[in-house]
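Protein chains in written order, with the UniProt record's numbering: chain F, 1 to 426; chain L, 1 to 255; chain Z, 1 to 308; chain P, 1 to 392.
A hint or two may mislead.
[Claimed, not checked] EDC-like cross-link-like pairs, simulated, lysine to aspartate or glutamate; straight-line CA separation at most 20 Å:
{"id": "1", "chain 1": "F", "residue 1": "K249", "chain 2": "Z", "residue 2": "E9"}
{"id": "2", "chain 1": "L", "residue 1": "K83", "chain 2": "P", "residue 2": "D242"}
{"id": "3", "chain 1": "L", "residue 1": "K75", "chain 2": "L", "residue 2": "D130"}
{"id": "4", "chain 1": "L", "residue 1": "K224", "chain 2": "L", "residue 2": "E236"}
{"id": "5", "chain 1": "L", "residue 1": "K66", "chain 2": "P", "residue 2": "D242"}
{"id": "6", "chain 1": "F", "residue 1": "K170", "chain 2": "P", "residue 2": "D107"}
{"id": "7", "chain 1": "F", "residue 1": "K130", "chain 2": "P", "residue 2": "D38"}
{"id": "8", "chain 1": "F", "residue 1": "K252", "chain 2": "Z", "residue 2": "E152"}
{"id": "9", "chain 1": "F", "residue 1": "K87", "chain 2": "P", "residue 2": "D18"}
{"id": "10", "chain 1": "P", "residue 1": "K98", "chain 2": "F", "residue 2": "D419"}
{"id": "11", "chain 1": "F", "residue 1": "K377", "chain 2": "F", "residue 2": "D403"}
{"id": "12", "chain 1": "F", "residue 1": "K123", "chain 2": "P", "residue 2": "E324"}
{"id": "13", "chain 1": "F", "residue 1": "K123", "chain 2": "P", "residue 2": "D201"}
{"id": "14", "chain 1": "F", "residue 1": "K130", "chain 2": "P", "residue 2": "E324"}
{"id": "15", "chain 1": "L", "residue 1": "K241", "chain 2": "L", "residue 2": "D214"}
{"id": "16", "chain 1": "P", "residue 1": "K204", "chain 2": "F", "residue 2": "E151"}
{"id": "17", "chain 1": "L", "residue 1": "K117", "chain 2": "P", "residue 2": "E241"}
Everything labelled a hint here was simulated from the structure, so no lab data went into it.
Here the structure is a predicted model, which is why all the values come from computation and not from measurement.
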Amino acid sequence: MSSENDNPSKLSSTRRKLLMGMAALPAVPMLASSGLFSSPAYAQTPATSAVNTTGLAVTDTEVTVGILHSVTGTMAISETGSVQAEKLAIEQINAMGGVLGRKIKYIQEDGASDWPTFAEKAKKLLVNDKVAAVMGCWTSASRKAVLPVFEQYNGMLYYPTFYEGLEQSKNVIYTGQEATQQILAGLDWVNKTKSAKSFYLIGSDYIWPRTSMKIARKHIEAHLGGKVSGEEYFPLGHTQFNSVINKIKLTKPDVIYAAVVGGSNVAFYKQLKAAGIDLNKQTLLTISVTEDEIDGIGGENFAGAYSCMKYFQSLDNPNNKDFVAAFKKMWGEKTVIGDVTQAAYLGPWLWKLTVEKAGSFDVDKIAEASAGIEFPKAPEGYVKIHPNHHLWSKTRVGQAQLDGQFKVVFETPELIEPDPFPKGYQ
Amino acid sequence: MNTQLITDTMNKDFVLAVEGLTVSFDGFKAVNDLSFYVDENEIRVIIGPNGAGKTTVLDLICGRTKATTGSIRFKERELTRMKEHEIVRAGVGRKFQNPSIYEDLTVFENLEISYPKGRTVVGALTFRRDTAVKERVQEIAETIFLADQLDQRAEYLSHGQKQWLEIGMLLIQDPELLMLDEPVAGMSVSERKKTAELLNTIIKNRSVIVIEHDMKFVEDIAHKVTVLHQGKILSEGSMAKVQADPKVIEVYLGH
Amino acid sequence: MFSEYSLTELSSIFLMQGFAGLILFSVFLLMALGLAIIFGQMGVINMAHGEFMILGAYVTYFTSQFFLNFIPGLFGIYFFIAMILAFFVTGALGMAVEWLMIRRLYKRPLDTLLATWGLSLILQQLYRTVFGPREVGVELPSWMMGSLPVTEVVEVQINGLFVMGLTIAITVAVAVLMYKSSWGKQVRAVVQNRVMAGAVGINTEKVDRYTFGLGCGIAGVAGSAFTMIGSTGPTSGQLYIVDTFLVVVFGGAQSLLGTIASAFTISQAQSTMEFFLSGSMAKVLTLLGVVIILMLRPQGLFVIKVRR
Amino acid sequence: MTIPAPKSARTFFLRPQDMIGIALLALLLLVVLPLALDNFRLQFVGKYLTYAFVALGLVLCWGYAGILSLGQGVFFGLGGYCMAMYLKLEASSPENTKIQSTPGIPDFMDWNQITSLPWFWEPFRSFGFTTLAVIVVPAIFAFIVGFAMFKRRVGGVYFAIITQALAAILTILIIGQQGYTGGINGITDLRSLHGWDIRTDSAKTILYFICVGLLLACILLAYFVKSSKLGRILVAMRDKEDRVRFSGYDVSSFKIFVFCLAASLSAIGGAMFTLQVGFMSPSFVGIVPSIEMVIYTAVGGRLSILGAIYGTLLVNWAKTSFSESFPELWLFGLGGLFIAVVLIFPNGIAGLWQSYVAPRLGPLFGGAPTRRAAPPSASPPASGPIAPAAAE
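Bound-form chain F, shown alone (with noise of 0.2 Å):
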């Protein structure tokens, strides 16, 4: 695939052409990649056979990018919002002038919920149609089918969902949080307030939640000096909840901690409430419920309930408002917007800094010029990118209204450092 340049025939006459130019231009790239030029000044157009030295489908005025996410299937719902942000994140910065003087081409690609199609359509975004970056993945299970693909082919993937961590890439930008990020700040929160001394942890039986849980359940006995008084797991779909909640009812802990996903979730927290348990007495702790899911569960049902993410709607501040005003112009005034969205949200723009700073849409110096990278117009707040390809970001926590949003209850002083392998914690 990187032989398209050694064989200068191949090449448009264009292309020919500026491949001379640019010997005389040496400096240009160089420049570039000082960091001297932040993105609103980048006045001149680099040619293209400086940016791109590896084949990239990038051209004079545009660069491909890819969107790989399940439209049908299963999965379709949770990652429609993905696509969303990611398409109005493109739009905004080529309406902003692109990048490196390109304009961003998507092509979109549908996982169709099913892990062998992601890895066979990662294959085929990187290979036939060689787009320099891809934005896509929702579940782990679709990450790892296309982790050996994006290495093996070297293409730079950004992922945008909360994820259990003990991963690490050249080839990702994870920009949801790992797991200790979004778990250790909610339970020291509930922990301090709430005095919990006593949790009942309950998820959907897959490796995020079990991973989740291992994580809480080592914090909550080895630092808050808590105690974990039940550890449930239920199949994925399982519908049925009156016996655990009868076994919540009887060891009465003061926080439920919840990792229940998909359409289990919904019959949880209906079954929870018709059982008389109130969520604004129960403390009840999750981190799988974001504003997207209380569509299905109703938001009479969740009311009260805290939420543990990086992002809400509801966050108070400008960047925010634009970019809920904006997603809600372009996509209509009724999606909800949900952690995982905005995640998705930043991979475009993070992707166009990081371009702009390496001066180069090379993989290989995407990933290097990665550290580092600030992106302070983030509708969650100022993230920064971490040597191991996650983000430096803040936790929240978040009360659940009746309307389906939430109320900031709480928000970590600091960015939290990504640790996907975390010592003590394993």
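Since the structure of chain F is already known, use the hints to place chains L, Z and P on it.
Positioned in the frame of chain F, the structure of chains L, Z and P alone reads:
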């Protein structure tokens, strides 16, 4: 042929000894304490009104239905404890009331499947269609008047031909006890004649139990007749004796 | 695990757990009733059963929206109207499906399985296209939420009571319809001998269509009731299908009593095990237990013994 | 007396038209597609072909023997997982995993606090054992299930539903036991086979040809079984099970055999899938993939061995191209296909070929084929164990 006084020690003289056979379905006794004995080379016809339990008796002998109590001994072997295919391999053949043949296969293949070789999985995989098989199939096909239809798919045969084919499938197994359930039902007059002829040739050297309604036909072939009524034996003996039995006239012939 | 509790607490636990088991029983039975009619009486494998349920749930959702927007004063009773609507809408769809598809397949039960699976895919995508991919939240009248405190610890869920009452009502109605009414006799006559039933003047096509419609209608009511406890989305129906089939098959397909008994056994087993084990293991063990029992006793729990 | 040799009494197990069919398929898979498609598309075909193994097994099991299993994904998965375990162990060499707290075990075990390799993983260090396990483990599992059910004459719909439940159970188990199985993510990041990097394009091309080779071998095996007396017994059994029983056959053992055979074929497909795609996950074990595999067979023609291959290729090709251009429409298409294949063309492509194309081609090949596809009524009557049938 004395069946009036029977003791256990005499059982070995019989090919088939049915004793105290009872089967009940949810309390309904379809066959009730039934005992009868079939001799070597005997042709026994079972008659009786509908619902008398005739077919059930055949089902019990061939293992299709499990007896509630009682015993069925065939050449000293207890059939009630054996599985269907073991009973067949022991030498009992059964023809069903409605022609039961493989419609999707040719006449040749129908007969070939019944050929008593390659009956295990491995045997069936390694079964070779050798000359012995072909000759035997040919021979049977001629007996059952189907030599010209060997390559015909069985579903295209006439009703009578299907009955013959099934009889042929039994013949190729060469059973010692052959059980036929209404072999001439639904046949035309000419087919019926041919079938009687066929039966007369195939009953040599084996015992046969026939269920039949057609009295003319029964008279032609029966050595001995057993009349069943409500799961019990009403009368047993020669055709003449049975026909004269007032009980039989009452429940069956009298109608 | 019980040493730390007092006797009163323990008895409360068992009471509540028993009640949870009863709710699960009602849910299983309600899911299975429609299928028991369709599968048990007609021998049709309706893999789209879950999708019919979800249609009922969507009907409920739209009814609730209608009441909220136009006659909020009557919102408290919308649920009853929604259930009736759900019954007729899904029943009508069921009859249409029977007419278009199922009636050609009565002699090929395995093929009905494939065809109705196809139908379920089409319905799922239809819901997604028409109602959107997201789950919808069905708002319930406030009297249906919450619970009645019996003692300090023991509380009885109102929606659980509601589901139970509904299940009893529908079960009784089905039993009367199937075993007491002349229509039920016709249905059973058609099941046992289609040709003969036709010969004695029963309109077999009509009986088939209405039976299928009835089964689907009951599925719709079940779906409507499940908006109280579960999710309503294009693929939510899939969550129910395995459980439902196992309940029906485990019960012995032809008998209503069997379906009730099997729903009871499975729900009690699952609810008890969930209390002592983790949810996933309870599920696996319940399914495995059912499968093993079915292997040992393929005719199911209850069966009418027939001569073959 | 001369015995006229029946036409069907051939000595070799392939009829001329079968040989032509296989040769054409081989030509297509070994020459035409590799020349016509780029590497990327060819690997798609390679993946589809792994499903064709399952479809092939279903032709024997469902089409011929009338046993509809809705749990073939279980066997596909077992085969795939066996292979994945071997590859994962090779990829988890102590050098590759030195950042873990316990180097030398698969990464997901390390995350789940498992500190030594579980005993049942141990034998999968050996390639020989793995190859054997791919075929034998699913066969043993199928044997247990088949033995329990066929001996008790569970068939038809009941068998279908129970196998479906098994697929559900195995999925929940794999997801729940993530420390031993990799959970919902599956076993990923497989790199090399005996030091041979399977991720490169050349390796994938070679694997494609191995896959085609194995498939052709399995097709020959299927033809052998089909044309043996056992094949005819299967057809006979589907039609009149009792008659077969009363011809002295132990019907259940034949069913068990064909079910095990189908399981092993599926497992070979699963193993090839793992090799070509580079991972294995529970999403290939569950209810949905299992029933989709049935549709490949149905579209191809449930009685046609070659039809199953074409059916698999066609459905998957349609899926890929449809879902690329009209993702919303794909499920309508797939659902419609299920209904159409049942209502309109129950013998699938092979049936259409038999009724419309072959008669016209007949003169070319000298004589129309006699009986490949049965008439539309061919679908086997389900004989549930309690099917009420009035006696007398």
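For each hint, the structure was consulted:
{"no.": "1", "hint": "K249/F / E9/Z", "result": "holds (11 Å)"}
{"no.": "2", "hint": "K83/L / D242/P", "result": "holds (12 Å)"}
{"no.": "3", "hint": "K75/L / D130/L", "result": "violated (32 Å)"}
{"no.": "4", "hint": "K224/L / E236/L", "result": "holds (7 Å)"}
{"no.": "5", "hint": "K66/L / D242/P", "result": "holds (15 Å)"}
{"no.": "6", "hint": "K170/F / D107/P", "result": "holds (18 Å)"}
{"no.": "7", "hint": "K130/F / D38/P", "result": "holds (15 Å)"}
{"no.": "8", "hint": "K252/F / E152/Z", "result": "holds (13 Å)"}
{"no.": "9", "hint": "K87/F / D18/P", "result": "violated (53 Å)"}
{"no.": "10", "hint": "K98/P / D419/F", "result": "holds (18 Å)"}
{"no.": "11", "hint": "K377/F / D403/F", "result": "violated (27 Å)"}
{"no.": "12", "hint": "K123/F / E324/P", "result": "holds (14 Å)"}
{"no.": "13", "hint": "K123/F / D201/P", "result": "holds (12 Å)"}
{"no.": "14", "hint": "K130/F / E324/P", "result": "holds (17 Å)"}
{"no.": "15", "hint": "K241/L / D214/L", "result": "holds (17 Å)"}
{"no.": "16", "hint": "K204/P / E151/F", "result": "holds (17 Å)"}
{"no.": "17", "hint": "K117/L / E241/P", "result": "holds (18 Å)"}
Comparing the model with each earlier hint shows violations of hints 3, 9 and 11; every other hint is respected.
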